[in-house]
Amino acid sequence: MAGLCWKMQKPSWSPMNCCPLQRSGYSHFLMHSTAFPKTQLQSTQITFCHLALSLGYYTPYIAREGKQGMVSVPQFLNALNGLRWAIWKDRNLLKGLYHKTTFVVPDRWPGEVYRAFKLHDPPTPYEVSCAISVEPVANFWGFQRGFDPKTKCDYSALLWWLMGFPEEAMVTHLGLSSRRELRKRMAHAVRKMMESRKFSIWAGGINLSPYCTNRFMREAVDSFINGKALPKDFGGQRKRHRNAQSKIFNHPFISSQIASGRRHGRKIRPLYTEGVLWLSEEDKKHWERGGGVGPERIKAQKAKIQNEKAKQPEWLHLSIP
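The sequence shown finishes on residue 321 if you use my numbering, and the numbering steps up by one all the way, no holes.
What the hints contain is simulated information worked out from the structure, not anything from laboratory work.
Among the hints, erroneous ones may be present.
Stated by the list, open to error - Computed Cβ-Cβ distance ranges for the label pairs, DEER-style:
| no. | residue 1 | residue 2 | range |
| --- | --- | --- | --- |
| 1 | Asn78 | Arg180 | 48 to 54 Å |
| 2 | Thr44 | Trp141 | 16 to 22 Å |
| 3 | Arg180 | Pro252 | 20 to 26 Å |
| 4 | Lys309 | Gly142 | 47 to 53 Å |
| 5 | Asp107 | Asn214 | 39 to 45 Å |
Just so we're clear, the structure is a prediction, and the values are computed from it rather than from any experiment.
Even glycine gets a Cβ: it sits at the ideal position worked out from N, Cα and C.
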């Protein structure tokens, strides 16, 4: 089936079929736009930081880690300029990104998505956003490598939903029939993510420490909890720690907790990139009222959108300070 999907190189597609776009993550959603050439963003894998900084948003994580300093890197700045151009070409995308809820994490899951975790105590949208919006280290989760084309598309939609991008704008952008269809697709992405042993352990909040029986296991677990790559041995290899991680991840007691959806003992569910999004619209407004380069840019862009003569979508709320 996957081979067939790649042959379906049509400009439009049905959600019942495979998505023909080959990009992943945040880039995939952008590439669904018909307002700018696909080649515009082809050379850059767009990240959360690209999106936020292109608009002028310094979320708590970006401000804390000094990520705004990346704009001084010529290659990164060129990518931001290209991204800004593309965003302004797509009016639905533009208005969605300046909507009051964007960069504010939703406070709860839609029912279909909540049930897709199959956990007694699933992670909140904020917890998931802190885990996957910006990976703690490159390829930390690794599950995207195994995604089929449709799942890549659904996972990308989930990333944008977690970012607070309005559902109405997402439905229009992806050419879907309804918000219900969007939520079904996000639920599919969650089910695929839960097939990853590493993510399912994190989502379940399972405490791995009691099952460590040697130093390599403990070091592998510490790396997992702290969001770091596996340690290397004296030969520069990770084989021992990779084997130790696999052994503890597949421990019978861990497997039983995953299967039942109920953990034993205290919850261990680290927030790898805490503050990647604002927790409330009021927190976002407070930052916007603080002044500075970012808030001033945002205020000017919102004013431009507000002054457009074209009729605005009913869902749009710019919330200019």
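Do the hints match the structure? See the list:
1. For Asn78 and Arg180, the hinted distance range of 48 to 54 Å is not satisfied, since their beta carbons lie about 40 Å from each other.
2. Restraint check, Thr44 to Trp141: a C-beta distance of roughly 21 Å satisfies the suggested window 16 to 22 Å.
3. Under the hint 20 to 26 Å, the C-beta atoms of Arg180 and Pro252, about 39 Å apart, miss the expected range.
4. Against the hinted window of 47 to 53 Å, the Cβ-Cβ separation of Lys309 and Gly142 comes to about 48 Å, which satisfies the hint.
5. At roughly 42 Å, the beta-carbon separation of Asp107 and Asn214 lies within the given 39 to 45 Å, and the hint holds.
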